[in-house]
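Chemist: Letter by letter, the chains look like this.
There are 6 protein chains.
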Amino acid sequence: MTVFVHPAGICESSHVGEGTRIWAFAHVLPGARIGRDCNICDGVFIENDVIIGDAATIKSGVQLWDGMRLGDQVFVGPNASFSNDPFPRSKARPASFMQTIVEDHASIGANATILPGVRIGYGAMIGAGAVVLNDVPARSIVVGNPGRIVGYAEAKELDAPVRDRISTKRDGPRLIQFQSHLDTRGRLIAVEGHILPFEAKRFYYIDQVMAGSARGAHSHRRCHQLLVAVAGQMKVAVDDGESAYLFQLSGPEVGLYLPPMIWSMQFGYSIGAVSLVIASEPYDANDYITDYAEFRKLARLHAARD
Amino acid sequence: MTVFVHPAGICESSHVGEGTRIWAFAHVLPGARIGRDCNICDGVFIENDVIIGDAATIKSGVQLWDGMRLGDQVFVGPNASFSNDPFPRSKARPASFMQTIVEDHASIGANATILPGVRIGYGAMIGAGAVVLNDVPARSIVVGNPGRIVGYAEAKELDAPVRDRISTKRDGPRLIQFQSHLDTRGRLIAVEGHILPFEAKRFYYIDQVMAGSARGAHSHRRCHQLLVAVAGQMKVAVDDGESAYLFQLSGPEVGLYLPPMIWSMQFGYSIGAVSLVIASEPYDANDYITDYAEFRKLARLHAARD
Amino acid sequence: MTVFVHPAGICESSHVGEGTRIWAFAHVLPGARIGRDCNICDGVFIENDVIIGDAATIKSGVQLWDGMRLGDQVFVGPNASFSNDPFPRSKARPASFMQTIVEDHASIGANATILPGVRIGYGAMIGAGAVVLNDVPARSIVVGNPGRIVGYAEAKELDAPVRDRISTKRDGPRLIQFQSHLDTRGRLIAVEGHILPFEAKRFYYIDQVMAGSARGAHSHRRCHQLLVAVAGQMKVAVDDGESAYLFQLSGPEVGLYLPPMIWSMQFGYSIGAVSLVIASEPYDANDYITDYAEFRKLARLHAARD
Amino acid sequence: MTVFVHPAGICESSHVGEGTRIWAFAHVLPGARIGRDCNICDGVFIENDVIIGDAATIKSGVQLWDGMRLGDQVFVGPNASFSNDPFPRSKARPASFMQTIVEDHASIGANATILPGVRIGYGAMIGAGAVVLNDVPARSIVVGNPGRIVGYAEAKELDAPVRDRISTKRDGPRLIQFQSHLDTRGRLIAVEGHILPFEAKRFYYIDQVMAGSARGAHSHRRCHQLLVAVAGQMKVAVDDGESAYLFQLSGPEVGLYLPPMIWSMQFGYSIGAVSLVIASEPYDANDYITDYAEFRKLARLHAARD
Amino acid sequence: MTVFVHPAGICESSHVGEGTRIWAFAHVLPGARIGRDCNICDGVFIENDVIIGDAATIKSGVQLWDGMRLGDQVFVGPNASFSNDPFPRSKARPASFMQTIVEDHASIGANATILPGVRIGYGAMIGAGAVVLNDVPARSIVVGNPGRIVGYAEAKELDAPVRDRISTKRDGPRLIQFQSHLDTRGRLIAVEGHILPFEAKRFYYIDQVMAGSARGAHSHRRCHQLLVAVAGQMKVAVDDGESAYLFQLSGPEVGLYLPPMIWSMQFGYSIGAVSLVIASEPYDANDYITDYAEFRKLARLHAARD
Amino acid sequence: MTVFVHPAGICESSHVGEGTRIWAFAHVLPGARIGRDCNICDGVFIENDVIIGDAATIKSGVQLWDGMRLGDQVFVGPNASFSNDPFPRSKARPASFMQTIVEDHASIGANATILPGVRIGYGAMIGAGAVVLNDVPARSIVVGNPGRIVGYAEAKELDAPVRDRISTKRDGPRLIQFQSHLDTRGRLIAVEGHILPFEAKRFYYIDQVMAGSARGAHSHRRCHQLLVAVAGQMKVAVDDGESAYLFQLSGPEVGLYLPPMIWSMQFGYSIGAVSLVIASEPYDANDYITDYAEFRKLARLHAARD
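Chains as they are written, first to last, in this note's numbering: chain A, 1 to 306; chain B, 1 to 306; chain C, 1 to 306; chain D, 1 to 306; chain E, 1 to 306; chain F, 1 to 306.
What the hints contain is simulated information worked out from the structure, not anything from laboratory work.
Don't take every hint at face value.
Copies of the same chain are indistinguishable here, so a pair counts whether it falls within one copy or spans any two.
As the list claims (entries may be wrong) - The list that follows gives simulated cross-link-like pairs (lysine-lysine, DSS-like), each with its CA atoms no further than 27 angstroms apart: (1) 297 to 156; (2) 91 to 156; (3) 297 to 91; (4) 201 to 91; (5) 156 to 201.
Values in this document were obtained by computation on a predicted structure and should not be read as measured data.
Chain A extracted, bound-state conformation:
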């Protein structure tokens, strides 16, 4: 099996992998590099400085301009649009084009628009018609114009409150219920230090998050954390590299314990939401894992050791 090019298609590149098919009215320029087993549908246009991994699908009406980088098994829906110049003017070619990166396993829905310079994370899902202005963390689901993060792909939604471990590993993430005292003077909620599975060394709180934005999207190597929605509400995706779960933090009486080597993303903040985080370690940039693919590798090693 080798490359298939439809009689009405034009393929000028010799860097196309085995099993890839190029259909009618598609046009591939000489510099493009395309992996194996890809499907380049009718009417697709691919410029020169473009790299596509293996097993990608590019549906009709899509153009891939200089500077596009697509990983393995990426799906680009029909009429989805990219560009490489954030402020285009005719005859005013920029010194260099911006790179747009779509990581492995990500999908882009029909007629979506991806602004130049954006990075679409591993396994992300861009909804049909969405306009993506900002980088998209791994596995995020994005919809709307402007694009807002509304979910975490393939995550199981959990009913709150869930008090038991949600992981099969020892000391997995779990919700912790606090004591709440409500009387006519107000409500007091106490987090006794002894109910934390770690000693608190650092505290931070987050507010003024725009609707549709996300925080987190990383794992810690050693740091344990407790998240609480002290005002408003938010969602937390929790991912052990194998399965992912969604928690809805809707009030200050419950905290979410996050042990090390758990990838987590927070999103779906209500207006005025404030999240408090209690952490077991001082700030240390080296404690963060911010690359999802690297996290998955390490998480598997970590799980194997258990």
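Based on these hints, arrange chains B, C, D, E and F on the given structure of chain A.
Modeler: Quick look at chains B, C, D, E and F alone, frame taken from chain A:
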């Protein structure tokens, strides 16, 4: 006259009706079935499991995927985008594709996006750039991302209050003014039974309608109704199968009488709106006509009898 | 037993009933008429054109000016203040003074202020420090400045939903649960005619009630009614002449059935609240009983007949 | 020097302390017990079951009913009104009257109204015309109808941010500034553990405080605390038994450190305010001092030791 | 005719004017000075450092403390309460008492509370039960706790828009309609310089006025002004020394022209209201008349000259 | 050099300028007129009644329908969509198609949608994925669905307050700080006439601007203006024909002085924003320059004269 295929177009199907034209860089796969007098413009792509009625227009840059069903005189604007997989992943072909149905006389504006599985009703009008997530009732006008119902195609807008019949038929739909008593304790609005053109047997009220959603979109065979906006505001499209009218119900002092054999859709609900309906009959599922084409046929018979 | 006047008190009237006591530094002018068994405490001042019923208590620091009319068993707390001129200017005596009426069994709390011309209904309870600007229906509880109706004296608060009869009489007032259908298009709540204990002949709805105001405060002789909070919330006091109950109507899925010969007052309206009433009779002014004392007499006869 | 009674006054009690004066038209019943050096002004009425401490001032137009207990140096302004029956009805005497307690050094403004059963704390200041429904913590300033806590008597207001010690004692209360990071994703404020003057062992947060309510009003014996307004705003009164200070916490970038043996009260909460507290000790009921007089004694001993 | 003192009253002062009557249980201390034709009702108490003008009425239950100054024809309703120490503590007599001034023709309603140091302006009207915290401009009507300015005594309310002169004098105050241009981009309202009856030399705008506060309450000698409610709404009392009128400025399309020698007070500001003033003169402190009595005299001279 | 047509492209027009290139699968109908040095990319379709200026770029997936008029150096991004029928129905061809005009130097981002009949002004920038419903002023930046004006192309953002000249010309635009007086009665901000660089002859204020709309977009020949945000906030683009600047007016204490021969556009209005303008001249229609190209020519002459 027979099928026209531009020399730079490709038509592999033999199920194309007389008078249909297929233009340059368009590509029709063998399994597609296309009616008579259609116009398939430059660059259109049509897959196999696609059925198109008569006299449809498919503008440039449109793809029709397996599972699309388009009725007679459907218009699909340039670069409008469909899809058949709600959560696409490369190389992960679903067991079956979702059907998307566009009923007779509906139009889809330029660059609109239609999510898989949606049904676009008879005569609906999807605005340019709209992203349609949900089924669209007959003759609805939809705009925005996400798509919201904002009108009823070809309906005449009526100034409220209009107290006379808006129909040329006896006992047609009309606004009824109620007596209102306002004092320092609040406002009381009375609907004396004798001013209703029927005896009340059932009451229901509707609230929590999302902005952009619609209710109704059906006719009754025997049931008379009175609609009142007891809180907030809403619009009511009233259609006798021949002409359509738009009422703005903007306060509780006016009710809209709807006789049987009138198709009606409510939309444009303000936040917190509540509509009260007083009905002449107990609930009876057989009294509803929910197919607009069937309604039009029956309404013509009904009108002829008058 | 006869009238007691403390040696340091002054009583110039000869129209004081048996058993009444007048204490030190109190001063009763000649024209005042005071019933039997009253208690006129230290420092009270009573002008000429004043009538007080039997068994009333007037605490210290109170003045009763020309035009005051107090019923039987009225309680006036210490330093509570009345006046008889709404826009007083020194040396500008009005042509006539406004009457202020306090009906039988009503109580006025310490340091409350009653504006001239107000009528305080049977059994009402004015809270300490309240400033009363408007007439107060029978048994209402009023607090604050300006005074707001916040309760119904001696009513039992009932947990909603209560579906059984709350009265020991046949066909007493009760809550009725309706069927509710919620989906993505909104919520529809149906009141099928056959679940009503009467045939509907009239409908009215009430909105724009100011916080702190009340509606109702009457009974019907023959008319049955169903009350529903179609938007917002309100409280309903229900009184059979013997016992009183408080219902909280907090949503449209429950209606309150009110049979004839039940006194009812609605209050505690939230902002934007709308109440719908379905009635068994056309409007008839003669069907209303608006005097609470008369209602109590008729209700006892009615109960005796059962 | 002995008791002075004005010729137009009446004193029937023999339990009146030396130096106390009773003025014209005042009336003291036989059972009342009044301390030394009190001033009972014109027109005051004092019933039997009343106890008043030393050096109190009772201005004109005040009545003290059975059940009133007033401490030393209490001031009661003119026409201020008490009562001892929460739901008074004429001729319906309750089984027992409610006690109202006014602690040492408290003042009650002109024309204020105190509901029965309320305790007014040590040194509190009730504003003129206020209507007091609830207990009042020590030194609170209360105004309005209903009464709201709006200040702390004799506290000095401090401009924020004040970063130095506000006390002359070592390790006194002080504000601590945090680092704030604001970007398009939101704002992150970090409290690194090493900037706290203690190790964190307990955390709690308080929300839903009604406007006009207060929290705290106690001291700790050993526990250190850090207060932060993570949402909204609040005021904190800080009292070392000698001087008192007022802090306005108006944003999450500044925390207030409270060492042991500092009395503190929080009030003036904005709607939606949330305060976070980080504490140095687990919860221990014995660590609390909730009696202000006791606190003052201990604080003086504590200060003497320093 | 001479001073009348009731046998049960006590008058120790010899500075009481002819025709004044002092009733039972009233008590006037030796230093008090009271004008002619006053009425001092039952139970009133008047201390030494008190001055009262002619023809005043002091109703029962009122005390006038050291430092009170009441003008001619002042009316003080029953149980109205004054004080002279803003932060009273028993046995802590301030160095000097605060003066409270009630100007000529002012009235104070039943049970009102006047804080120490307040000045109640000429002809003001304090409502029953009001608690007055701040100075009250001439002729203001004040109600509530805390007291809010809600009217201007004896002013005629005018329907807007009134385009003609409201005064019988040349060039009197009047409303001026501006040209407004509304389209989909917004509204533009133009004040052409030539439609102003003066040349503009100064501009100022006022916002953040608390509900219940007032601005103005003065006249200019030479300065002309134009007032516009550019955001929100407000009321303007306009007084030529003879008659007073009330304008409701409810939108930016109408301005109120105020010529010199017109007294004006602005109040009833809605939340967020902003008023713009265009003035004919630079700021000059000598141009202001802030004493209402002086204004009335000058206005009469001014009117006589016309 | 002459016209280049790719072997797989179709050019049926003979009105194509020198140096223009037409790429594969593009199709130009016979009536189209295209200028010099244009780039017509793969898959573009151009109907007959279309005029394109010189040096334009039309990216892949774009169709230009009858009625489109594009100026010089226009850029149309990939898959951007036009249409010429506002309410398209299949087989219902309108009597005439609407014209859509894109002026010189304007750019349209990837996948944007332009409604029929819209005029896109000189140098405007339509963001990727935007849906443009209304005319777009010169140099406006438009994003979103529906499209909103959010910027002014190539303008420099200035930090407020900037008190010096922002222009190299004498008497350029600049911010002026006013004096502000805040007390308990509210805030008063005075603009003394002598601090204005001109005599005030006209005033106007603008409110109710919809979010996303713009005002202004013109220059004056002789009129000087001062802009103040008396309520809310807004942005002002200021353009001297050479450079452009952006001011953020965020409060009433600062005004923006605009001399003649400065083009200005206001946008980014907050809800409830009100801008006041003080102008040096009466209204004169001839004083306005509303064509941006004409303004640039005159501004250069004007600058040369300086």
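Chemist: For each hint, tell me whether it holds in the structure or not.
Modeler: Hint check results:
no., hint, verdict
1, 297 to 156, "within (22 angstroms within a copy, 46 angstroms between copies)"
2, 91 to 156, "between (50 angstroms within a copy, 23 angstroms between copies)"
3, 297 to 91, "between (46 angstroms within a copy, 23 angstroms between copies)"
4, 201 to 91, "neither (56 angstroms within a copy, 46 angstroms between copies)"
5, 156 to 201, "neither (31 angstroms within a copy, 34 angstroms between copies)"
When the structure is compared with the earlier hints, violations turn up for hints 4, 5 and for no others.
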